[in-house]
Structures are given as structure tokens and as C-alpha cells.
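Novice: Here's the letter readout for the chains.
Protein chains: 2
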Amino acid sequence: MAQQHLEPTDPLAGPVTGDALAGYLRSQATEFLRALRQHREGGAPAQAQEGPVDAARALRRSVRRISASLHTFRPLLDADWSESLRPELAWLSGTLGMEHAYESRLERLLLALHRLSGAVFPTQPTAVMTNGAAHPAPAPDRGNLTVGAAKAGALLDRQLTLARTRAHSTALQALGSSRFHAVADHIAVLASEVPLTRTAPATDLRPLATAAQERLEDAVTALPLVTAGHPYNAEALIHGLSPDPSPHPQDAPWHQVRLLLRLHRYAREALTGANPPVDGRIHTAGLCLDRHRDASEASAAAASAARTPRIAPATAYALGVLHADQRHEVEAARFSFQQCWQKQAVTT
Amino acid sequence: MAQQHLEPTDPLAGPVTGDALAGYLRSQATEFLRALRQHREGGAPAQAQEGPVDAARALRRSVRRISASLHTFRPLLDADWSESLRPELAWLSGTLGMEHAYESRLERLLLALHRLSGAVFPTQPTAVMTNGAAHPAPAPDRGNLTVGAAKAGALLDRQLTLARTRAHSTALQALGSSRFHAVADHIAVLASEVPLTRTAPATDLRPLATAAQERLEDAVTALPLVTAGHPYNAEALIHGLSPDPSPHPQDAPWHQVRLLLRLHRYAREALTGANPPVDGRIHTAGLCLDRHRDASEASAAAASAARTPRIAPATAYALGVLHADQRHEVEAARFSFQQCWQKQAVTT
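As you go down the protein sequences, you meet chains A and B in turn. Going left to right, the first sequence walks through residues 1 to 348 as the numbering used here numbers them. Going left to right, the second sequence walks through residues 1001 to 1348 as the numbering used here numbers them.
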């Protein structure tokens, strides 16, 4: 049954060899270098324009794809080179992604606070309730919030803006470090010369891509999809007040599927070229899992903020409501994923 | 479309006259007198046995049915008698119901706290965490709760047990009052002599029962069932942090439907006799609306407890999670009702 969930790599009737992989890696490396140049031309960090943000996103985008290809098509690539580069790419991708993660987490939580207050969000979400730490903002509109919700918003804003500012500095430091320059040098070489194994140019990529797809399908099969398909199963909040302060262990398999889905998607790209035919179902499933991840992390941020010493009870109450709200978002995302995946199984 | 939702009063091909109503009212009055005798024989309030609890429930049961019949079949009954008795029955039903309401609300909230802590409830729910105010309880098992959840449970237990104890006293006082004796006298007369209007014995009851059914169907049609049918619509919590401390106004139409469903059910009983054929769909819909009402009131109790002065932030946080959890129960109950009602519309 799991085999039928995804269409096979169908645009590819005949074999696709290591040469296609080399082409894919070269193009991703070129993207990386272009984004890096754009980032450097974007100006000093103080004048944070759109340019550098997009450039940082493009950098991450190509790094993720190179890293995924090194993983999925490992047997076709020089082992030493591949083994040494992958952890560096993971470090880079992680470091560059943090700032954006904190920013969107704050945005999600403030939007939820306003939704839970029955208020319409007045203007640009990220600009509201900012206490001026990172960027000037219009006067906060807290007229429709309870004291607790307003204080919870201010606390989250303070904590996540601080984290974002730190992540920004860390990313800038990383981009100026010798460690980064070594990675960039590697990728510059990759843009012209891909270290394939001797037999790779004549080897078919498709079995390795299929293996990536099967890892995804196996992981999906292991998910509690029957439960997820029952609306309001109340599973996501089941440890909402657990004494264990660690993130919900029940979320981990879903996060894992999200990563495997990405590996599958990038493997398809490598086979079909940089602009593969859009697989709407895979796209939707990915969005569900992104939402799952975002809500999971937002709920953890609300719970963590509630452990701040000396907060008012009204603040803690609002954070409790917010935490539970985001856990239900987690559950809703699982339901959507189940619906989307079920549809795949039926239509194929 | 609304007309098709419920089967018409189908066991009744021919007319059912006021004599059937008189028979129904006599039997309910007899039930009332039997329950009252059982309650008086049940012993002093201190030795709260099962007997008096069941007796109080049976009293409420018959009072609700008499009251509903007075409402639905008003044109067939002596107007002065009916108008004077109905508010007294409402007072009695309300007074007798409060103790049980507080008890089951506490039980629901403590069960939810344990569920949210990932703990299995150790023994009898109502007996756990009681501070001994009303009845002796086994040692509370708070081992699996966070400090916040345990404190929230203790706070709710204190507040709702106090409310329950007061409701118990109020009910006992009511049952000893001259106001109650006047009601009981009225019902004793009703057991043998129903004050029908002159034309009632030959009047068909069915149009009045159908009118009750139509009031129900109209109220259901006005519910936001399309939204309720979309799982995880996040509507129930939309005012979860609203500055307005009053109960959620969005719940009122659902509570109203619950009452109209009951009136419809009792009208059917009057037509078909005390043991009508069970209408599974009406039964299920009623359970959904009971769950909606219970979760709505439990969420309000959690929110109200969070406004207790000088509570710890951890307690307030747990109450916030609990409030949101019960609001999602509200949303889940609406979804279940929609599913059940939809099924009716399809199968008829």
C-alpha cells in the first residue's frame, strides 16, 4: 500500500545517470554563489533591506539542496569529500535559518493572541507590539487585548526579538568566519567540478531516488494516521501539562517525515532538472508538515515564556491558552496531512 | 429542507387527543410523588447515600417533563393554573440541578487536568483531590501532575466543592420550604386530576407537537453548521482571551437548541406514552449538546478560577491550558452534532 502513495518518478522513462546529478549540483552551487554575491552587495547589516533577506533565503535554499543530494546520492559521490562537506552544510543551513525562524514564530504567536482576543490584526503583524529592539514599529494597538494577552504578547516579543537579534548576529559572524569561507570555497569548486565516483557518470540515479521515496513512505506508514484522521482526537495536547518540559516527543516522527519529504522532493529535482513538474500533493503535504512544525515550536515558545520568573498570573493564563491553541494547530495540521495523504492513496 | 431533518411523529397515524396528554401528565406526577417519598425515606442529608441522589434525579426528571408539557401543550391546559405552576417548576428544577452540575463540572475538569498531564486517572474521579469538605476521599495522587496542574486542580476542587456544598444546602432548604410544599400539592392534585380545557379531550395533540419540532428545526437551521462541519475551524476559542468576562455569547444558540431538542423529545413522549420508540438520532444529538453545554460551563469555571487573586503563575498557566482544552471540547461537540444532524438529513 505504501508503494502506491506516491507516483513513481514518472517523467523519467529511461535511466537518468550521474551526469544529471552533476548538472544539478553545479546549478545549485551556481545559485549559491549568486546569492552570496547578492548578499555581499546588499549592504551593511544595519540597513536591513529586502535584498539580504532574500539572499539569505536563496543561500539556504541551495545549501539544503546540495546537502540533500550528498545524502541521497552518496554512493555516486567521492566519499571523503561528501562526508566532510555535509556537516558543514548542516551547520550553515541551521545558522542561517534561525533568524527567520524566530521572526515567523513571533508573528504566528502574536497573530494567535489577537485571534484569541477576537481582534482583527490592525497592520503588519511583525511590526506590531515590537518594543523597538530591532526595528521601529507603529504604536502598538492593544486596545482589544486583555491585560494578560497584551502582557503575554509583550513578553513573547521581548524574548523572541532578543533571540532573533542574537541569531542575526550569529549568522553575520558565521558568514564572516573562516569556517564559512572554507565551505564557500568547496561550493565554488563544485560549481565547475563535481567529484563523482568513477562509475557514476554511467550509473542510473533512479534506484537511489526511489530509495528516498521509500524511506518517506515507510515513515508515513509509521505515523498514527488513523488517529490523526479522526477530528478532535485531542492527542496533540495530551502532554500539555506534563511535568516533562522537553518538546513533545509525539511530534518527532512528524518532523522526521517533513525532512524525508524534502529529501524526496529534492531527489526528484535532481532527476528532472531544477524545475520539475509540480507535484501538488507533495506540495500540500509539505505545507501541512511545515505548519505542524511551526505550531509545535510556537507552542513550545509559549510554554517556555510561561516559565519566566515573576510574571503576572494573567500573563501566565494567556500563555496557557496560547500554548493549547498552538497544540490544537499541531493536531489540525496532522489532520490536514492525513486528508491530503489519504487523497493520494485513493486517486493513484 | 429543515422540514426533512426529523421524521414526523410517525408512530401516530391517527389523532392523539388531550386524553393522552392527561395520561402523560398523571404518570409524570405519580413519578414525582414516588421520587419524593423515596427522597424522604432516604435518610438525613449527612448520610448521603445513593438513594437520595437517584431520588433527586427522578424528581428533576418528572419536573422537567411536566414543565415542558405545560409549555408545548399550553392551549389544552387551564391557562391560570399553567401560568402559575410553570415558574415554580423552573425554580425547582434549577435548584435541584445545581449540586449535580457542580459535581460533574469538577469531575470533568479534574479528568481533563489528568489527561493533559498524560496521566491515567487512578481511581474514582470525583473522589480524587477532594479536600474533605463534602466527603472523605483517598489520598490524592498528584505524583504525575506538574505543580501548576496540581494547584489548579486543588483550586478548582476548593471552589467547585464549596459551590456544590452550598447548592446541596440550598436544595435541602428548598425541599423543606413552604414554596416547595405548594408545588408538591399542585403535583399531587395533577396525579389524579389534570386541568384540561373544555375542548381538550377531543383536540389533536399532534399539531402542537409538530410546532415544537419546527421550533427545533428552525433553531438548528440558524446554527453555524457549515463552519461546525469543518474540523479544526478554531471558532470556539476565538474569544478565549477576550476582555469580556461573560460566558461566550456564541454558545447561546447551541444551548437554546439543546432546550428545544428536549421539548421536542418530551412532546413525543406525551404523544406515544412514557416509553416512546427510541429515536437514536435525537438521542445522539442530545448527547452532543449536553457535552457542548458541559464543556462550555467547565471552560468558564476554569477561566473564573484563573481570576482568583494571588494565585501562582503556574496555576494560572494550567488553568489557561484547561480553559482552551474545554473550548476545543465545545468545538468538538459542535462538530459531532453537525455530523449527526447531517446524517439525519441524508437518511430521511
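No lab work stands behind these hints: they were computed from the structure. None of the values given here were measured: they were computed from a predicted structure. Please note that the accuracy of each hint is not assured.
[Claimed, not checked] From the structure, some residues in chain B lie toward chain A, with a derived Cβ separation under 8 Å:
id, residue
1, 1098
2, 1101
3, 1239
[To be verified] Chain A is faced by these chain B residues, among others (derived, beta-carbon under 7 Å):
id, residue
4, 1117
5, 1229
6, 1259
7, 1260
8, 1313
9, 1332
10, 1340
[Stated by the list, open to error] Far from chain A by the CB rule (all over 12 Å, computed), these chain B residues:
id, residue
11, 1015
12, 1022
13, 1033
14, 1090
15, 1091
16, 1114
17, 1201
18, 1279
19, 1281
20, 1322
21, 1329
22, 1336
Idealized CB from N, CA, C, for every residue including glycine.
Novice: Against each hint, give a clear statement of whether it holds in the structure.
Specialist: Each hint tested on the structure:
no. : hint : result
1   : 1098 : 26 Å, violated
2   : 1101 : 23 Å, violated
3   : 1239 : 4 Å, holds
4   : 1117 : 5 Å, holds
5   : 1229 : 10 Å, violated
6   : 1259 : 24 Å, violated
7   : 1260 : 24 Å, violated
8   : 1313 : 4 Å, holds
9   : 1332 : 3 Å, holds
10  : 1340 : 14 Å, violated
11  : 1015 : 44 Å, holds
12  : 1022 : 45 Å, holds
13  : 1033 : 43 Å, holds
14  : 1090 : 32 Å, holds
15  : 1091 : 35 Å, holds
16  : 1114 : 9 Å, violated
17  : 1201 : 50 Å, holds
18  : 1279 : 25 Å, holds
19  : 1281 : 20 Å, holds
20  : 1322 : 8 Å, violated
21  : 1329 : 8 Å, violated
22  : 1336 : 8 Å, violated
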